[in-house]
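Please build the complete structure, drawing on both the sequences and the hints.
Just so you know, the protein sequences line up as chains Z and H, in that order.
Heads up: the first sequence begins at 1 in full-length UniProt numbering, then just goes up one per residue.
Heads up: the second sequence begins at 1 in full-length UniProt numbering, then just goes up one per residue.
Keep in mind that the hints were calculated from the coordinates and are not lab data.
Any given hint could be a false lead.
Since copy identity is lost for identical chains, a pair holds within one copy or between any two.
[As the list claims (entries may be wrong)] Derived EDC-like pairs (lysine to aspartate or glutamate); straight-line CA-CA distance at most 20 Å:
id, residue 1, residue 2
1, K54, D120
2, K54, D5
3, K54, D73
4, K54, E7
5, K54, D66
Just so you know, these numbers come straight off a predicted model, no measurement behind them.
2 protein chains.
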Amino acid sequence: MGGTDIERLIALLARLPGLGPRSARRAALALLRQPQTRMLPLAQAMEQAARAVKTCATCGNLDTRDPCGICADPARDRGLVCVVETVGDLWALERAGVHRGVYQVLGGTLSALAGLGPEDLNVGPLFARLEQGGVREIILALGATVEGATTSHWLQDRLARFDVPVSRVGQGVPMGGALDVLDDGTLAAALLARRPA
Amino acid sequence: MGGTDIERLIALLARLPGLGPRSARRAALALLRQPQTRMLPLAQAMEQAARAVKTCATCGNLDTRDPCGICADPARDRGLVCVVETVGDLWALERAGVHRGVYQVLGGTLSALAGLGPEDLNVGPLFARLEQGGVREIILALGATVEGATTSHWLQDRLARFDVPVSRVGQGVPMGGALDVLDDGTLAAALLARRPA
Ligand SMILES: [Zn+2]
Ligand SMILES: [Zn+2]
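Structure (structure tokens):
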């Protein structure tokens, strides 16, 4: 089926989330049909992004610079920190354009099943920001899953010693639902309807 | 949302068949999280495949060599030529492992709507093979669509002057269906149940 180079390409594509073996083959074929105009540009964009990508030391976002574009933007309200599970959640909120503050990306949730404990969450920079002062509100925008709720409770405990109001996005996040599959309107509603945690 | 390099990557991924904007973002994130171990290898596989891919001058298959692995394989029966619309169809038949002969990839079908005429089909090499002799049977494995049927009829006309039996895959290809979405069993049944065209 087209040489080991082509088979290797299909195998690597098939490992991407959202692409099964069938769509990986379709994608590979589309690329192979236009090697110069389609495949090389994508390969080069990937290589460039792979070399340029950085994790923001402040918030955990992925960007080509550190601090990331959001943390570096003087127009963003540093006093308003929205805590999310993943970079995908951050991107979803940015697409919805509903949060004018900054973020903290935990990189996951507490999960006994997955063996993820507090030491696996990217919370240090958040505590550092709180200790530096200037944070007026923390919005917990974690998924409405068991793990999201557990993580929210644990975070509230840890945040109690700072005298900063903590709210949780409420109405709008469906039960059992992750944030990054929601439409922009739902995300906006959820953020507006936040309540004290 | 993560720098122009990252946005460009997402935009290019979103143009792949089977990947919408949402799955393109998910795929990009998965790659960005593992730039060294996941993204660079895929980029390099793409670049390698883009530089290596060739269209087989004999059959129209895409491979890293010309003649392709199938045409070059001494174990394949050169007397049995299976005519398919696309390289994807060829790959589907190869995965099913039901055809021990060689192929001719037309690269499309006759389509008034798409403005595709006989001159757009890759049939020259098939006629050349017939003129050279040694072809004992031609199997038309085109989709059971209006365009597939039109193309089959046109090809039969053109093939009539060669004294070679022409069969068509029959039972198994659902009406209106393309070949490359069928399971292996259906493909095998369709090929076994071929009948004179
Ligand atoms: Zn940042
Ligand atoms: Zn070939």
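- prompt: When the hints from earlier in the document are held up against this structure, which numbers fail?
  reply: none
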